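There are 2 protein chains.
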Amino acid sequence: RPPSAYGRPAAVLVGVTPNLSYWDSIYSDIHSHLKKAIPIRDPISVFEPMHHLTFSPPKTTASALCVAACEVVGGNREDAIVAASAIHLMHAAIYIHDHLLLSDRVGSEPGSEISHRFGSNIELLTGDGIMPFGFELLAGSVTVAGDNCEKILKVIIEITKAVGAEGMASGGEDDGVEYDRSSGQPSRQLHGCGAACGAIIGGGTAVEIERLKRYGVYVGKVQGLLSEKRKSEGAKMELAEKWRALGMKELECFDCEKIEQISTLLRV
Amino acid sequence: RPPSAYGRPAAVLVGVTPNLSYWDSIYSDIHSHLKKAIPIRDPISVFEPMHHLTFSPPKTTASALCVAACEVVGGNREDAIVAASAIHLMHAAIYIHDHLLLSDRVGSEPGSEISHRFGSNIELLTGDGIMPFGFELLAGSVTVAGDNCEKILKVIIEITKAVGAEGMASGGEDDGVEYDRSSGQPSRQLHGCGAACGAIIGGGTAVEIERLKRYGVYVGKVQGLLSEKRKSEGAKMELAEKWRALGMKELECFDCEKIEQISTLLRV
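The listed protein sequences derive, respectively, from chains A and B. What the first sequence shows, in our numbering, is residues 1 to 268, in sequence order. What the second sequence shows, in our numbering, is residues 1001 to 1268, in sequence order.
Simulated crosslink set (DSS-like; lysine-lysine; CA at most 25 Å straight-line): (1) A:Lys-154 - B:Lys-1154; (2) B:Lys-1151 - A:Lys-151; (3) A:Lys-151 - B:Lys-1154.
Derived CB-CB ranges, DEER-like: (4) B:Ser-1120 - A:Lys-258: 44 to 50 Å; (5) B:Ser-1028 - A:Glu-238: 54 to 60 Å; (6) A:Glu-150 - B:Ser-1028: 29 to 35 Å; (7) B:Ala-1235 - A:Ser-32: 48 to 54 Å; (8) A:Ala-206 - B:Ser-1056: 37 to 43 Å; (9) A:Ser-28 - B:Ile-1040: 44 to 50 Å; (10) A:Leu-102 - B:Asp-1255: 52 to 58 Å; (11) A:Lys-59 - B:Glu-1252: 49 to 55 Å; (12) A:Ser-45 - B:Thr-1205: 35 to 41 Å; (13) A:Pro-43 - B:Lys-1231: 23 to 29 Å; (14) B:Ser-1028 - A:Met-237: 53 to 59 Å.
What the simulated footprint calls covered on chain B by chain A, stretch by stretch (three residues with Cβ under 8 Å from a Cβ of chain A suffice, anywhere in the stretch; the number is not a length): (15) 1045-1053; (16) 1126-1132.
Hints in this document: simulated from the structure, not taken from any laboratory. Every value quoted in this text rests on a predicted model; they were computed, and no experiment measured them. Every residue, glycine too, gets a C-beta built ideally from N, C-alpha and C.
If we strip away everything but chain A, and leave its shape as in the complex, we get:
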């Protein structure tokens, strides 16, 4: 395992705002972990698309939230990297199959054509391979002594609920927050899951896990809203403001110091 980017000397940060460096260092840790976990190896016909399609989707805050939430409850960043990587893999699998659906969509908007580096059959099967690989990474991260076994199983359950039929069906309503379906890409739902998984791994209490999960849900909602094209700017800003406030409220039970970094996702 490479030294955590979190411990970089301050000199590297010159000219970068502290927030950006915090999140960037998390993305970099997740990226390094996944790069080692999915090398391009034989048979190339399987692992080249798998490698490419794992890293081509845009980064998701959902996986970064996992690491940040772990740190909020006092856990070690390194312990959360596997769960964060698994969440990135779920995001990638969802993104790849969404991509397939969009490219097949009848009457898609002009200018919205989707380019495919691989054939649609390869993209279908690679998405199918990436998802179980996320669970494999998690199940394989149990220590020899087995003392994190229960946490890992809880994380697996959180993730399956977010990506499975229940997630598709509920659109997040059962998290206790109202959800605007029109603004929700499926992978937005991973935000609440990501935060919850980090809090579980970090050893948070049931209340802390629940609070951070809701905070994550609001992060996903605000992101979805802001990327929404059909709504007027005014209405969007008003709703975003409301959700930001609700999200920040979830963090109130934590020490100010501990939420300094995670709260930047909703603080304007």
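Guided by the hints, dock chain B onto chain A, whose structure is given.
Chain B alone, transformed into the frame defined by chain A:
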């Protein structure tokens, strides 16, 4: 949980060969478990296709092997039903997406048109939902005391290896048995996995797990071979005979009595 069909009074078996009743009772237990786990409920648009597509694929011996292998190593049938159900769900997810690929295939053989009850987008997303649901069932089957935690994680790893990129890539070669790709549907690979999972749940030793896994691989190979259309009957029978003998050899370390039922899959 309904009483295990294994314990049915002998009178019910009149007119049925003992073998058939053994396997039928296993399928029936798996079916009942899944039917309860996936009720048709709101929102119907998600759960109706999920229910339908879970049960429409043909039954797979892979899930039955899981239960039988558990019994061979002295475990209780009830303990293996969740893992067997998860294996059926993987089989269903693979089958649904294979179905999608076949129906899109350019130049598919005449008469091989595939009928779709749901749109291809629904089939894509439902397959995506069914797979994580299998892992959810497994992770949720850990007892309150957590004493089967390690077994469940081992089962999750077996399954992810069979259905993930590794399974797609290896085609089973790493099981130590030669594999004929042309005869292998992806879900055939679940047979070795199914037997291994049952042996793990049943508390088998490492050697017993390995032996039963290989036995399962041979069952999958023989089934794949016999459904192969392009090979001559003579060549098929010769190869099947060889694989049957190799498969039966894997069972030699067990008591004759214990393998009475499981061996019927390869005994002619």
